[in-house]
Each structure stands twice: as C-alpha cells, then as structure tokens.
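Below are the chains, spelled out letter by letter.
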Amino acid sequence: MADVITYREAVAEGIAREMRRDAAVVCLGEDIGEAGGVFKTTVGLLKEFGPERVWDTPISEQAIVGAAMGAAMTGMRPVAEIMFSDFLACCWDYLANEIPKVRYMTGGQVTVPLVVRTANGGGLGFGAQHSQATENWALTVPGLKIAAPATPADVIGMMAAAIRSDDPVVFFEHKGLLASKGAPPPADHVVELGRAAVVREGADVTLVALASMVPVALEAAARLAGEGVDAEVVDLRSLIPLDTATVLASLAKTSRLVTVEENPYQGGWGATVVSVVADEGFDLLDAPVRRIAGECVPLPFADVLEEQVIPTTEKVVAAVRGLAAY
Amino acid sequence: MDAPELLALYERMALIRRTEKAAHDLFLSGLVKGTTHLAAGHEAVAVGASAALRDDDYVFATYRGHHHALARGATPEECLAELMSRATGLCRAKGGSMHLTKASVNMLGSYAIVGAHLPMAVGAAWSARMRGTGQLAVAFFGDGATNIGAFHEALNLAAVWKLPVLFVCENNLYMEYTPIADVTAVARPAADRAPAYGVPGEVVDGNDVVAVRETVAALAERARAGGGPAIVEAETYRHFGHSRADPAAYRPAEEVERWLKHDPLDLARGRLAELGVEEETVTAADDRARAAVQEAVEAAKNAPPPDPREALTDVWADGGAAWRT
Chain A
1 MADVITYREA VAEGIAREMR RDAAVVCLGE DIGEAGGVFK TTVGLLKEFG PERVWDTPIS
61 EQAIVGAAMG AAMTGMRPVA EIMFSDFLAC CWDYLANEIP KVRYMTGGQV TVPLVVRTAN
121 GGGLGFGAQH SQATENWALT VPGLKIAAPA TPADVIGMMA AAIRSDDPVV FFEHKGLLAS
181 KGAPPPADHV VELGRAAVVR EGADVTLVAL ASMVPVALEA AARLAGEGVD AEVVDLRSLI
241 PLDTATVLAS LAKTSRLVTV EENPYQGGWG ATVVSVVADE GFDLLDAPVR RIAGECVPLP
301 FADVLEEQVI PTTEKVVAAV RGLAAY
Chain B
1 MDAPELLALY ERMALIRRTE KAAHDLFLSG LVKGTTHLAA GHEAVAVGAS AALRDDDYVF
61 ATYRGHHHAL ARGATPEECL AELMSRATGL CRAKGGSMHL TKASVNMLGS YAIVGAHLPM
121 AVGAAWSARM RGTGQLAVAF FGDGATNIGA FHEALNLAAV WKLPVLFVCE NNLYMEYTPI
181 ADVTAVARPA ADRAPAYGVP GEVVDGNDVV AVRETVAALA ERARAGGGPA IVEAETYRHF
241 GHSRADPAAY RPAEEVERWL KHDPLDLARG RLAELGVEEE TVTAADDRAR AAVQEAVEAA
301 KNAPPPDPRE ALTDVWADGG AAWRT
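So the protein lines, in turn, are chains A and B. Numbering of the first sequence is given in my numbering, commencing with residue 1 and proceeding in unit increments. Numbering of the second sequence is given in my numbering, commencing with residue 1 and proceeding in unit increments.
Please keep in mind that the hints were generated in silico from the structure rather than gathered at the bench. Hints may be right or wrong, so weigh each one.
What the hints assert, rightly or not - Only part of the chain B face toward chain A is listed, based on derived beta-carbon distances under 8 Å:
id	residue
1	H99
2	T101
3	A103
4	M120
5	S127
6	A128
7	R131
8	L157
9	W259
10	A322
11	W323
12	R324
13	T325
What the hints assert, rightly or not - Cβ-Cβ distance ranges computed for the label pairs, FRET-style:
id	chain 1	residue 1	chain 2	residue 2	range
14	A	G50	B	G270	51 to 59 Å
15	A	G127	B	A211	50 to 58 Å
16	B	E278	A	G50	57 to 65 Å
17	A	A318	B	A321	38 to 46 Å
18	B	D55	A	D31	36 to 44 Å
Stated by the list, open to error - Every beta carbon over 12 Å from chain B, so not counted as near; a handful from chain A, in silico:
id	residue
19	E48
20	M83
21	G127
22	D188
23	G202
24	P215
25	R223
26	L305
27	E307
28	T312
29	A324
30	A325
31	Y326
These numbers were taken from a predicted model, which means no experiment stands behind them. Note that CB positions come from ideal geometry on N, CA and C, so glycine has one too.
With the hints as constraints, model all of the structure from the sequences given.
Next comes the structure, spelled out in structure tokens:
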C-alpha cells in the first residue's frame, strides 16, 4: 500500500477489507459498479468482487434501502449507498420508521446489520439540494448508529466497525474531505463507534467538531496558539453512540466549550452535546458555551454566499477569542 | 386438493376467524387498547398462499396481518396476548396489533407504513438468491399500497434482478374508507400494473382457498426456477371496517350482503362436501378452533404484563438502549 491514501480511496479500501473477510458483505447503490461511484468511492469493488456482490441499482432510494433491510434481516451484511445525503429524504421512511424500529417493536426478534453510506456536506458548490450536512437528521431517530469520520484512517477503521456492527449504521462520508490525504492504517484497523478522539490537546478551551469541521477546528486552534490560547480539539467521530465522557473529561481541563458543526444551528448535533454538558457538567464551566453551526438557511450556490453559511476558521477563532476573554 | 389437506386449511381459517372475533370482543371489553385492523373475510388469502409455500420461505405483512401471523404458525394465544399487552405476546407487548412478527418461522413482520415492506421482501429474495437457498419471499399488502412509490420501486427492482418474490395484493375494494376504484387509474390496482414491469399479474378469487393455493403454487414454482417475480391480485372483502374506529357505513348494503354470501369458510365447506367429507367432521374442526381460541383468550388474560424495565431494552443488538458512552 502507498504511503498516503486519500479519504476517497479509503472508502473503497475500507469496504474491500470487510468484503474480503466476510462473504456476507455485499454492496448496492446507484452507479457503484462499473462507474465506481459518482464520487469514485467504490472504485475497484466490482472488479475484485464481481456482480454477485456489487449491485448497480435503479434510481430508487426506497428500494435500495428497503432491500438492504430485507437482506440484513436474512443473513447478509449489505452496504447501501445513497449518492448524496440530501437523498436520504427520499427513503426517510426506512431510516425513521423501519430500520431503527424493527428490532424494538418485534421484542428483539430481528437484527438489522446494515450500513447506509452517503456523501454529505458542502464546500463543492452543488447548491441547496446536493450540499447539506444532514447528520443531524439521523440524530433525531433512536435506533440508528451514526458515523462521520474526518480522516482516511478513521474512514477505514470506522467502516470496519460499521460493517461488523449488528446494528444499523448511517455512515456519512464528507464530500469536502474526499481529496484529503493521510497515512493508511494497518491491517485489521478497527475504530469502535462511540469513541471520540482528542486530536489536539490543550488547556484553555475545548472545540468539539465532526467530519469536515475537524480540520476547521484544528486550523482555528493553530491560529489561536499564536495568540496565547491553547485549544483542545475533540473529533467526535460518531454521533451515536455519543462519546459524552470524552467531552466532559476535556471540559474538566478547559472549562470552556465551543461546538463546531456544519449542520444548521436549529436542531444541530451540538445542541445535544451542550444539553448533556448543561445537565451533567455545569459545574465544570467557567464561561457560556458557544455553538458555531451552519446558518439556518438552505445552502446557497455561490462560494461567497456558501462561506457565509458554513462555519469557517475565522468564525471559530472569533468565538474562541470571546470565550477566552470571558 | 385432497380432503385431508382442505380440511386442515379450513380448520386454520376457522382458527383465524375465531381469533379475529375474539380480538373484536376483547377490544369492546376494554382488554385490547389502541386499534385493530381485523382480517375476518381475508382468511383464504393467507391460508391458501401459506399452503403453497415452503416452511422456510419469508413472509412480510401489513398492519392488517393477524391472519398472516396465524397462517405461518403463530398461536392464537401469542397473538391475543400481544394485543392485550401481555409479556407472553409475540413481540413481548412492544409491537401490538399492527406489528405481529414471528421471526423463528420467517414471518418477518407486519408493517404499518403502507407499502414499506415490499422493498424488504425484495431484499429477502435477493438475499435468498445470493445465499443459494431456494427460498421465496412473499409480501402481502392491500389494494391501497399499489399507489405508493415503494410498490413501484420494489416491482421494478425485483423484475430487473429476476428475484424469487411474490407480491400478493389483498384487494378488498377499499383503501381505508375510499373505494380503490375512485383513486386508481386502472381497474385492477395490482394486476393491471404487472405489464409495466414485465411480470405476470394473476387475478384470483381471494375467498377460495383452493384457487389461491393453486395460483400461488404455480407462480412460486416459476419464481424458484429463476422465472422472476409475479403479482397476485386476490379479490376479497373485509367483514369489519378498516380499523376499530370505522363502522364501514360507506359500503352499500347490497355489496356487503353479496360478499358475505361469498365467505371463504362457506366456500371451503362447500368444497369439503363435494369431496364427500361428512358434516360432523367439519363441525368437529370448527369445535376444535373454537376451543383453541377460548383457551387462548383465557391464557392471555391470565398472563402477566411486561416488566416496565423492558421499555429500555431491544434497541440495539446487545439488548440495550444506550445512546452515549
């Protein structure tokens, strides 16, 4: 394997590793076979595993996710691709009503080990219906696990955990990170879902981020270091299970919290993190919490407009300066 | 069909009829809460189709699904206990009337979002094909489901992949309170859609258990042999309203009378007489069904409620409900 791997290549590599070790793992989705996926995240899978394990589908999101559910209930471990996370709305019944509920409402009779992968988020100028960060949609539904890796190594490690999970996992691959590079992880690298990573240690303020916002938070932390503010950055990696223990442990050191979210402020995941901190970590805080999140508007097209909506390093730096002075 | 098999199917239908009547009575006496969607009148579809299936075939049903659970081997006691919120219910009282499921016999659930289970059945058939098991999947659904997107997505994908799945429509003429003919562009809501997907679409008397069995058996054999999916449109009629809240006053009296005279149990009884089965033999089957349901009602009444702690189990495969670490 090469010295570096892109996030995009890591997706295909992560799936391939699991397909090699478990014959029950199969893939389905639009353009995932010969085309290798519109984002080239399934390149090589058809060639290596053949058409009996890599299935091109029609543009039928309900059939894709519904069939994945039926297959998962009967002995397979399907990995379904929904091309853009915006399109999760087209099969939302399966993610809101069917997949997360069937185990519970049958009294534990049925298990649904599937992964729904989807390209999430903005930054590529695709406009309002192909650019949203929708990880908070999934967070509204008890019964779904939610993965959103920020690095190629985490893509591979979390893909392994997601595919091996006996629970349904929605796996958000960030479009803005697809070209990013990192060191490839060793064989059998597994990152357990529900384990946040402290990706920069610091003493003055905790920045909690996810996926594309992790590099934004790290860049903000680097700039703040020049101003004498020592920021710790926590990459949540999963929203469910949510690693509140790592967040609270970080706050015990820093006493200041900023969430950095791409999804809209209204209903964004940071609200859940902050409510846990308010309930259980109030005594740890020396300042108000701040949420830097997407503006509550549809994603606009022009770069100059999109930059106003999605959190930037500048916005994070400004928020932290305000808190540090509190 | 020979007399012993038909008698067995008759007894199963009688068991379902008695169970539905018991569910109705238990609701009126306050022992069943929420709502019910009773399948009295639909028995021949479930029992006839089931008789054509292998024991390991997959069945997916709707919120009007008591008859499918019973046809696949659930007992009246575990069904009624579920309706009565008892710990001994099929789903340990977590599902209720609309979600009867018995996964141990591959009755993989009853779903209350119209049409949602059709793609699931496609997936089970896809899985069976990949695993090479020769299993079939069957989705039972109402006429109303033929106008929802999932029906069409499921049909197309099943046809393109030539999967062993049967789509069995129980056309009881009404989507909830509205005549299906008033809201559907074609006369046969399921069968007339079949040509669009290049699959067979058979119309069958859904109250004739023998006809249902033969139709489903032929299409099941075709599907197992690699011939792909098919639609069965079984014409039937419900004896009760859409749900507990519905007295079904919108149905013309003449229509109700005509269909009640075409009752699936009466039809089977006539066929049994033609086969030379004695009246007493049929009555004995009725008596057994009545006694079994009476015992089931008593057992369910005497069963304990679920442990309140069960509310926080079974979300995840580890049995728990923890959402954070």
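* To do: Any hints from earlier that this structure breaks? Give me their numbers in increasing order, please.
  => 9
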